[in-house]
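On the provided structure of chain A, position chains B, C and D as indicated by the hints.
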Amino acid sequence: MHAIVDSLAMIGISYVMGFLFYGFYRQFNARVQRRWGPSLWQNFFDNMKFLLKTETLTHGPMFFLGPMIIAAGAITTVLFVPFLKDSDWLQGFSEHGNLILIIYLLVVGPLGNALAVGSSGNPFGVMGVTRGLTRLMGLEVPFFLGLALVMLQHETTSVHAIMAAQDGLAQWNLFTNPIAFIVILLPFIASQNASPFDVVGAPVEVYAGPRVEFGGRLLGLLMTQNMMMTVAKLVLVVDLFMGGAGNVPILILKAFSLFLLTASISLVFPRLKTEQTVDFFWKVPLGLGVLGVIATVWLPWGA
Amino acid sequence: MAFQLTPVWFIALPLLVAFAAPLWVRLGLLMSMLFATPLVLFGLAVSLFPAVGDAPLLETIVIAPPLGIHLHLDSASLLMVALFNLAGVLFASFLWLGDTEPHLRGRGPFVLILLLITGCTGLVLTGDLFNLYVFLEIAGVSAYALSALRRDKTALEAGLKYLIIGSVAAIFILLAIVLLYLETGQLNLAALARDFGDIPAAMQGLIGLLLLVGLGVKAELFPFNVWVPDIYRGSDPAVTSLFSGILVKAFLFVLFHLVFLLLADPAVARAWLMALGALTMLVAELVALRQQDMRRMLAYSSLGQVGLITLALGFASEATTAGALFHMVNHTLVKMLLFFVAALMLRRFLSLRLADLRGVGHAMPVATALFVLGSLAVLGLPPLSGFVSKLCILKGFAEAQAFWPIALILLAALIEAGYYFRWIKVFYDSDPAAPQCRSDDGPAYLPLVLIAGLLLLLGVAPFLIEDWFVQAARALLGRGTILESVLGVQS
Amino acid sequence: MYHKSECEGFQCEQRMLEESLGQENAQTGLVDRLVGWLRQRSLFVLAYGTGCGAIEMRPLMTSRFDAERFGIIGAPTPRQADVLVISGYLALKTLKRVIRSYEQMQEPKYVIALGSCAINGGMYWDSYNTIKQLDHYLPVDMYINGCMPRPEALIEGFAALQKKIGRGEPSGFKRYRENIDWYKANQRRVLGENMPPDYTYDWYHAGGVA
Amino acid sequence: MSLMIKILFLAVSLSPALTLSTWGESLAWPLFGGIELLFDLNPISAFFLLLLALGAPLVALPMLRGAPDRPAYALYALLLLGMQLLLLAGDFIGFFVGWEIMTWSSYLLLLRSSRTDLEGAQSYILFNLASAFLLLAGILVFHSLTGDFRIQAIDQLGGPEPLALAVLFGLAFLIKVGTLPLHLWVPRAYDQAPDIFSAFLSALMSKMGVYGLILLATLFPEALSGLLGRLLNGPAAGYILAWIGVITSIVATFKAISQEDMKRLLAYSSIAQVGYITTAIGVGSSLAIGGALFQALVHTLVKLLLFITVAGIILQTGRRRFNDLGHLIDRMPISFLAVLIGIIGLAGMPPLPGFAAKYLIFVSLIDARWLLLLAAMLLSSTAAFIYCYKLIYAPFLGHANSPEAKTATEAPWPYLVPQVILMGLLVALGIFPGFGIQFLIDPVLTALGLAPIGAPSWGELATPYGGYDGVVLMTVFGTAFALVTGGFFLLRGRMRRAGSPYDLSYAGEVPTADTPLHYGAGMGRELRRIPLIGWILLHTTTGFLTGLTRQSLAAAGLLGGFYGRNPQTWILLAVLLFALALTLVTLTGGAL
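Protein chains in written order, with this note's numbering: chain A, 1309 to 1611; chain B, 4 to 494; chain C, 48 to 257; chain D, 442 to 1033.
Where hints are given, some of them may not hold.
Straight-line C-alpha distance at most 20 Å; calculated SDA-like pairs for lysine to any residue [as the list claims (entries may be wrong)]:
| id | chain 1 | residue 1 | chain 2 | residue 2 |
| --- | --- | --- | --- | --- |
| 1 | C | Lys-143 | D | Thr-953 |
| 2 | C | Lys-140 | D | Glu-950 |
| 3 | C | Lys-143 | D | Trp-899 |
Covered stretches of chain B (chain D as the covering partner; in silico rule of three or more C-beta atoms under 8 Å from a C-beta of chain D) [what the hints assert, rightly or not]:
| id | stretch |
| --- | --- |
| 4 | 86-100 |
| 5 | 210-217 |
| 6 | 223-237 |
| 7 | 417-423 |
Coverage of chain B stretches by chain D, computed from C-beta distances (three or more under 8 Å per stretch; other residues unrestricted) [claimed, not checked]:
| id | stretch |
| --- | --- |
| 8 | 166-174 |
| 9 | 280-291 |
| 10 | 385-394 |
| 11 | 399-408 |
| 12 | 460-474 |
Hints were generated in silico from the structure; no laboratory data involved.
Using N, Cα and C, we set each Cβ at its ideal position, and we do this for glycine too.
So that you can see chain A by itself, here it is in the shape it has in the complex (with noise of 0.2 Å):
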């Protein structure tokens, strides 16, 4: 009982947290651009739009289970990141899996879905995809690197030793470990599918990507988990980098945060061209893990 409650109640917050994020993003967006921009709500309008559509076409059955498996398998990561420390609230199966598991989860959605990109028979879809997994093949190489540093750090993948281990603000591996926060930085922005890097579903070189073919139910059910899982990947950041949360406001706070700094970033470069974008990761953030590495395992004091 306890755990179906405490799994509504992540999917509920997330959701929640998903659409007041992205409304925040799209006024904050519009201020930059001297815009009024719309109201705070206007995802979840957008959302559930496109869920009371009355018509729905789809593909084949590929087409359709595509956008089941991306929004159970968002659901899967919701509740396998533990949303609170020290509680017995939103954890979800948290304690049943670990970081490298959440990492892979975090593309289990994205793949299943490409499967239905495919079974669309859209070309600008798969180019899309195979857009999407190339970046994914930029991306994670850094972003698992500077993870792998703070599991090292900590000599464990589970999540909830490693928010354990950051009592107090000095602890924060944001402060211990800067390095690794510095080089996941720009792959998880790319990760939530932010400018400069969201060249995948560009609407007007591939005509949407991935989303091409979708509309209608289908395309609210992509909306609705696609929120979730950028909230996911805040609190997974939080966790491991600002020490976790106590309750829902400190969360709400410090996810809110990690997102203004992203969201400033991505606000104020333009977009990125793949081939840019994947050799951008291997040089930059992937040369800062290397160094990273080479000052704290290569080097005497490191070990």
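Below, chains B, C and D without anything else, positioned relative to chain A:
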């Protein structure tokens, strides 16, 4: 009065049978006699193994001192005799069952084949240099004639070339014998061995070189083996199997018999012989890569194996020697198998060129399968006997901490695999133009299958005849024993 | 002046269309109104830049007039769009694409005809290769008059459309469905053999049952 | 008659299973000269024998289709014999015998395909024989060190000999598993072999190389640390091996992405996957070897599944290039599911067991503090998603691109039965990774003298660094999936299926059959613009080997010039050489 089983029967019987050829023609028993004679001798040889293992059999037929016939049957020579007769049995059965061309079934070839076997048997049995020369000429002449049997242009050319180069080799050997006789006044090998050390060093060197060149030509060692491919290419493939299977082995045996006997310390010649062996092996295997004719390819492969055997024998440790002797047996069997297959293919396709044999695996599945088996054995891949003998050689080297021959042997085997598998691949090419009708003339395959069975048996259970080789190696290397036994009897 | 009480020819069709346009829906329950309210807050626009009117869509969407504050935002593909904006005159070649795009949109879907060319042909009224009345080929939900209508007018039009959606009134796609034979006949009249394929409206083959 | 043969063949293919279940005490077969072949079953070989027992009948089943191919059956039986000898061998001679029988019988099986060309066949046999001969050389060095042929640890570790031994053995096994730059034979052989036999080659025969590499750990206890010392938390010699493995997998992954043929893609993917195993063996800790074994197990299952399925597709369509296939999902649904499960396993995604293997390897790398290796390995394992997607997209999704692809039907049952069995095994192993650890991996680790990993329950994979629970994961994912799907149908509105495959958002255009809509082989082409990948794809080691071949042929021609046709020359040569040698001997003082 018990029938005396003496070594002389190994020579006398085939000679007698050969000279009674008109009788066999009259009785219609030509082929069966050709088959039966080596069979009887093979049986005799096998039955003698236990006895010879205890002490070598010696026999002297004095003609006029110092001339005489000294026969010396120890484990090593008995092994070779058994091998030659086995090869003779297999060859005869192939001729008999295989419905071969008439020019191989007449009275002439009958005599020549028996003479060849006699000559080779004599070469390994003889205990004195004069007889060595006589048997060398017997074997040589019958070989020249055999290679020219087909009487077409290529065969005659091959025969003539063989005659010329063989004679030159014989002259070198004769010179060496003359010099030896001049220096020591002895022709008996054991006595020569006793006195060889007293000859001046320069003369020793000269004699050694003369022998090396003469026997090198005959035993197909590298710089002197340039004639081989032409002769093998020109002769009938079945006959070639005798050259590669018997003749070369006899000369190799003679070469090393002399080396081990004459030199008190075989290590003196080790560097020379091993270098020659390694060179022969590598050069032949490399050249074989480009051959387009199966007979030439087999000829080069044969040279490669001869090189390997020389390398192993030249090292003169007991393990490598036993391995080399084993490898001689294997190589004889394998090359007979391969040349028989070549003969069958030649009869079917009238050509042995690589391009003409494309897809033969679908037309002659059994023959091709036997070729594959033979190739695997010659490459020394388990579970065939070639593997065991090579392993024995390599193990001998490894135990002596000599690693460079191992590297060379393995490299040569790799190159050898390069061309053998190229042929196999082409055989199994699916070429629509290839003849599709499958025909395997049954009885002709009997000796081939027998050889294949032997190869497999020796590969899986080499311990059955392991003692033979070990004893033979000891006998071959046991200079002191020979000297003592021979000279002890004589004095 | 010559007046005729009864319509004749295509004028009857015109009346028919106008009548259905103004009809009030009796069955707008609470759920329908809620749904309508949600829908009106979010309009994804497929702006088909057919003619010069497209130039007015740019300021509308960008910072100057910022349509996003009304929840109006561009959609890249017809699958994701709710509103099809026909901005200006419509050549026959374009008509085929527009029809296909419209049929690929997911219901509920709306059409806004922008500018006088889309209403009655405007200055192209006697051109051989543009259509005169968009309404004959696609069900238009909202006309925005002008040549060109300014962005303020566009916002006005969108706001009117949002109100209409919010009230839960039936929109053009129902009309398109009910009168598909008529629309298709009109389309065929101008496009001839060059019609877009018919697999995009499967309910037509299902006999109107969907 | 033919039925009898088929039943007999199937029975033969079950022989590894029979051996595994009934093997009693050890056997000895005296060969000669004190060399005795020992055959015994230890936990390490039992693990690999289990793989063989599993794979052999599954590969045999599709071979039963059609008229019996007797030579192929016979060779397959020989191959199984050779592999069992290899695995059971307690001494190196028996190991080598099995190794060689396996090599040549598989070569002859390779020739049964009409697609084999001379180059492919030659590279297969020559690379494998080179591997075998290196192995033999290593065995002889081993013999000279220990005076024995039994597989046992080497006591003395000083001096150059153990290092030479490690290098010889290592090279031999690395050729077999196909690491860079010794991999050239792999794609050709896997591509050209009979379609079913490719499954055997990739899934089972490459594992024999892995078995050999694990034997290295037996020979050199403390996992290679004794050879060159330690680096960070692992053995330095293993660090080199691990980098070889990782570079292999990176290069092979990008090569796989650029392939346009299903079987070649799978071949390169095999190279990459076995590269992970090599890396893990290089790390050599308990976790790493456990991961390597798990990866070997998963890779066996996955590659059997994928190659058999691909063979089914080729059988039904006669096409193998991505460009010629497409949209088979409706016509071959079971094959689609098989490839789907296969690529999930291949990509190492949870919840299938590929993830468990990857997890163990990653954790072992963190444990050894080899983070750069970890990053490099992650690069290849992420890039693997692209070829995995290509493998399922191009044949099954998109648009049918050839008449055969438009009319194909589901593969026949001999192909489907193994697929279904393998899918079941993969899913079961994914849900119960702890089962695999406890019953398959731990005995091997104990036999190797390493600490067992252990598993609290069947569903749980536990390491000192944390673990995960396959049952919970699968339950959560399944429940979420069911709830989402159910909830989706609760919403109002109608679903309709597109009336035509050409009902696409295509900028208002109407695509037709002539429009290039299938992205098939082009996928991944744009990766060339990324500098590193472009560099990798541009370079190949083929040139080196072609050059080597050409040089040796040239040398052969040069030397062949000796063997002229003129007797006068022969005599001249003999006399000249004689004179030369005589001069030499005289000059050097007369000593021979």
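Here's how the hints hold up against the structure:
The straight-line distance between the Cα atoms of Lys-143 of chain C and Thr-953 of chain D is roughly 15 Å, inside the 20 Å bound, and the hint therefore holds. For the given pair, Lys-140 of chain C sits about 11 Å from Glu-950 of chain D by alpha-carbon distance, which is consistent with the 20 Å threshold. Annotation: proposed proximity of Lys-143 of chain C to Trp-899 of chain D is violated, straight-line Cα distance about 61 Å (limit 20 Å). Check on the stretch 86-100 of chain B: 0 of its residues sit with their Cβ under 8 Å from a Cβ of chain D, so the three-residue criterion for coverage is violated.
For the stretch 210-217 of chain B, the stated coverage by chain D is satisfied: 5 residues place a CB nearer than 8 Å to a CB of that chain, which reaches the threshold of 3. Beta-carbon proximity to chain D at under 8 Å applies to 7 residues in the stretch 223-237 of chain B; the threshold of 3 is reached and the given coverage holds. A stretch counts as covered by a chain when three or more of its residues have a beta carbon under 8 Å from one of that chain; for the stretch 417-423 of chain B and chain D the count is 4, and the coverage holds. Figure legend: the stretch 166-174 of chain B, annotated as covered by chain D; annotation consistent (4 residues with Cβ-Cβ distances under 8 Å, at least 3 required).
Chain D is given as covering the stretch 280-291 of chain B, and this holds because 4 residues of the stretch bring a CB closer than 8 Å to a CB of that chain, at least three being needed. For the stretch 385-394 of chain B, the stated coverage by chain D holds: 5 residues have a C-beta nearer than 8 Å to a C-beta of that chain, and at least 3 were required. For the stretch 399-408 of chain B, the stated coverage by chain D holds: 5 residues have a C-beta nearer than 8 Å to a C-beta of that chain, and at least 3 were required. Requiring three or more residues with a Cβ within less than 8 Å of a Cβ of chain D, the coverage given for the stretch 460-474 of chain B holds, as 4 such residues are present.
In this structure, the earlier hints numbered 3 and 4 are contradicted, and the remaining ones agree with it.
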